[in-house]
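Chains as they are written, first to last, in the working numbering: chain A, 25 to 361; chain B, 21 to 631.
None of these hints come from the bench; they were simulated from the model.
Mixed in with the good hints there might be a few duds.
[Claimed, not checked] Covered, in the sense of this in silico footprint (three residues per stretch, anywhere, with C-beta under 8 Å from a C-beta of chain A), are these stretches of chain B:
id, region
1, 297-309
2, 525-536
[What the hints assert, rightly or not] Far from chain A, by Cβ distances over 12 Å, these chain B residues were calculated:
id, residue
3, LEU57
4, ARG253
5, SER287
6, PRO362
7, ARG483
8, LEU487
9, GLY492
10, GLN518
11, GLN519
12, GLU621
[Said to hold, decoys possible] Which bits of chain B does chain A cover? Going by a derived footprint, with three or more residues having C-beta under 8 Å, they are:
id, region
13, 322-330
14, 338-350
By construction, the Cβ of each residue, glycine as well, lies at the ideal position given by its N, Cα and C atoms.
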Amino acid sequence: MTIQPPAYSKKDFMSDQIIRWCPGCGDYSILSQVQTVFAGLGIPKEQFAVISGIGCSSRFPYYMDTYGFHTIHGRAPTFATGLKATRPDLHVWVITGDGDGLSIGGNHFAHVLRRNVDVNVLLFNNRIYGLTKGQYSPTSEVGKRTKSTPMGSLDAPFEPLRFALGSGASCIMRSIDIFAPHLRAQVEAAHHHTGTVLLEIYQNCNIFNDGAFADFTDRKVRDERVLYLEDGQPLVWGKAARRGLVLDGLALKVVELGDEGGEDQVLRHDASNRMLAQLLVDMDPAAGFPVAIGTFFAEHRTPYDVAFQEQLAEATERLGAGDLQKLLNAGDIWSVS
Amino acid sequence: MTTPPTTTLDRVVVRFAGDSGDGMQLAGTQFTRTSALEGNDLATLPDFPAEIRAPAGTPEGVSSFQIQLASHEIFTPGDIADALVALNPAALTVNLSAVREGGLVIVNTDKFGKIDLEKARLSSNPLEDGSLETWRVIPAPISSLTLEAVEPFGLGRKHADRCKNFFALGVVYWLYGRPLDVTEAWITKKFKAPFDDANLAALRAGHAWAETSELFQDHYEVPKASLPTGTYRNLTGNMGIALGLAAAAITSKRTVFYGTYPITPASDILHALAPFKNFGVATFQAEDEIAAVCAAIGASYGGSIGVTGTSGPGLALKAEAIGLAVCTELPLIVVNVQRAGPSTGMPTKTEQADLLQTMYGRNGEAPLAVLAASRPSDCFEVALEAARLSLKYRTPVMVLSDGYIANGAEPWPVPDVTALPSIAVDNAPPRGPDDPPFLAYARDPETLARPWAVPGTPGLEHRIGGLEKDDGTGNVSYDPANHEKMSRLREEKIRRMQQDIPPTAVHGTADGVLVIGWGSTFGAIRTVVDQLLADGERVAHVHLRHINPFPADLGELLARYDKVLVPELNLGQLSRLLRAEYLVDAVSVSKIQGQPFKTTELKQRITALMG
Chain A
25 MTIQPPAYSK KDFMSDQIIR WCPGCGDYSI LSQVQTVFAG LGIPKEQFAV
75 ISGIGCSSRF PYYMDTYGFH TIHGRAPTFA TGLKATRPDL HVWVITGDGD
125 GLSIGGNHFA HVLRRNVDVN VLLFNNRIYG LTKGQYSPTS EVGKRTKSTP
175 MGSLDAPFEP LRFALGSGAS CIMRSIDIFA PHLRAQVEAA HHHTGTVLLE
225 IYQNCNIFND GAFADFTDRK VRDERVLYLE DGQPLVWGKA ARRGLVLDGL
275 ALKVVELGDE GGEDQVLRHD ASNRMLAQLL VDMDPAAGFP VAIGTFFAEH
325 RTPYDVAFQE QLAEATERLG AGDLQKLLNA GDIWSVS
Chain B
21 MTTPPTTTLD RVVVRFAGDS GDGMQLAGTQ FTRTSALEGN DLATLPDFPA
71 EIRAPAGTPE GVSSFQIQLA SHEIFTPGDI ADALVALNPA ALTVNLSAVR
121 EGGLVIVNTD KFGKIDLEKA RLSSNPLEDG SLETWRVIPA PISSLTLEAV
171 EPFGLGRKHA DRCKNFFALG VVYWLYGRPL DVTEAWITKK FKAPFDDANL
221 AALRAGHAWA ETSELFQDHY EVPKASLPTG TYRNLTGNMG IALGLAAAAI
271 TSKRTVFYGT YPITPASDIL HALAPFKNFG VATFQAEDEI AAVCAAIGAS
321 YGGSIGVTGT SGPGLALKAE AIGLAVCTEL PLIVVNVQRA GPSTGMPTKT
371 EQADLLQTMY GRNGEAPLAV LAASRPSDCF EVALEAARLS LKYRTPVMVL
421 SDGYIANGAE PWPVPDVTAL PSIAVDNAPP RGPDDPPFLA YARDPETLAR
471 PWAVPGTPGL EHRIGGLEKD DGTGNVSYDP ANHEKMSRLR EEKIRRMQQD
521 IPPTAVHGTA DGVLVIGWGS TFGAIRTVVD QLLADGERVA HVHLRHINPF
571 PADLGELLAR YDKVLVPELN LGQLSRLLRA EYLVDAVSVS KIQGQPFKTT
621 ELKQRITALM G
């Protein structure tokens, strides 16, 4: 008998709760894409656990008809680690934002990545604090004027993917809320990677930081500004793929492709190449580079939860199931009769 | 050679003191093992600096280990030592006040050179300036005799000198008529050649020197104690907690997940639990205190028993997450091995000043159960009890220990595991599409516990979190009446645990003065109350294991006494709780010096208050 994978529709992953994000928020699209992808994975829905921290993005679990845990600010990766280490059978997803994940939760963010717990982290990056009503975030650009920084923010932003790569992430990705087909593909790719995935999603906050990504997501310009990373494919973009990335010494350089050719110089994407991932993460759009989306880097490394369970199994195999009486009687014992 | 007469003692207190690198804890532990196997009742107290290796020879680097052994039941490591072994001048001066007048002071005379005295910051040599006249000083050239004894093994000076703790131990073994075989066997097992032979030689040389030096006027013996029948082992509080948690895994048939971050004096619980993997105990050394408790809650969410262990500063960091466990009504055990505070305080010194933090140190009304261990041998039962209550009532349970209990040791009657009751509880069962909707906050009518609906169970998909819940559905609710209802339900759930608490045990008279305590003051209070009872006083001792909720009969019991005294190693925290709960004139007897009560000082203070 073959077990049929459950036939779900997106609706099966929609909870009965009223969604309380602002109309027009990028979170709606992300929710919709995740629900669609989950429905198509052929996994019984009771096997999904969606864990979040605090912030607008972290309301996400309430709207998914799966197991969900809305925890405390910045700590979602730690709950997910305890759950996945003890329950490797579950599919654990972590929902976080730029404030939750990189500010108050920066420590745990780094540690879940280095441990490579087999969870998928969706980081909704809107470069602003939404739920607390509009303060600058650790991904806001320098000089950001907000209620808390009327003369402009002073601190340099984190580049989340650079942080992740530096923390030893086994897989880093980026997508954009309104790029629905791309986002669905990345969410599905995240599911298939074994180990921690960091999927950064540029998400527009239309109330406090509207248009933060319009420079490259606007329909009029996106083809000219966005580079889709595809493993094994040339790093080219623009109308008729007329621009490409070449290596110039130890740096990337943008070249115009055209009648003079030059295609053979263009780099091909290799998601197993950490150095290339670093170069791609470091591209500065202000210096004429495109904004890359897709899978920057992916490697296979034994996930923490697998190794954790292996140690438990190995101990039992080597020592046998624990005999409590023997344990209590260990060491020097003596009898009084 | 004249063999001095043997004097029989019913109890003796011995203190070993040296540099923190001198192996004094090891010598003390060996003396403890031997005495335990000889059948004495005993209690031990290690006292070591927080620094791993403070500069050698300085007062800051002194490490000591005190043991009381007796031929009758005892409850403390003793107020004051009958004998001190001091391996250097700093160890001597730091510990001298802990030795009774006329007590024996065995001094390593090889370490009293000019530089040694300078390191100890002494302007004159105490061996020569008459400052030791109050004690019986035994000058022992321990370093040079040790070097001589181990010379055949070619260790080199540094390693040879390290054998001197065994020489000192050999001296003390002779003095108290202890056999060498237990330590000999241990050395043989523990050390590789040539260190095994060298340490054996040092131990035997110390013993022989004591026997032949004719410096000792007496030679003592402490007969076996008549302990209740059973199998015993020597147990520290931290090991007791660890064994209790292993027993919880076995008797609940669930994984115990211990998430923690190293902190003094709780780290030994992690060290003890880490090798228990084949007992269903998983350990996780997290990146910080917060991650440790959150991972434990994540494990509980998945159906394991989440446990976190820490000390006061770590507990402060965990407060928000513990509140989440209160709100999501998941099992969680939090072990707080208290140390002197506030802030970093005195990490290796004991205190009971986290009681109010434990009770109230969270935002909002966030009640949880609080249990306190009274002595090392109590820790096993308390840890198991915490697991039982946490599983049954689906709520966090805090276990209070402290540095004195954690590192102290005493004989523990090993329980028969077949007599340990099951603490197993069921997960919520799966549901089909035709079943009514699952209510994540439906309640057991007896315990008020909500269903433990672990991920992976078909039909129970639901969402929980730190936002207030609607009673029943568990959906997010801002309804004012619901918030009051839920707040009262969470409190009532804790109060319902009273049905699991046995009647309060009273030791002493049914009226007169009641001395009530909790935690590690047990030994001092029990000793004092026993002395007062022997003097014919009307006095009783009650020691609380359950602090939240208090036992149901406590109010009535307090009302029976004319006076209620509450000795605590804080500024009066239990006394405040008792006053608030029962409107009783509980009088605080407090001490906050990082040290336990001495029985003499406690007796004096209690007697003064008895009027």
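Could you tell me which of the numbered hints above are not met by this structure, giving the numbers in increasing order? 2, 3, 4, 7, 8
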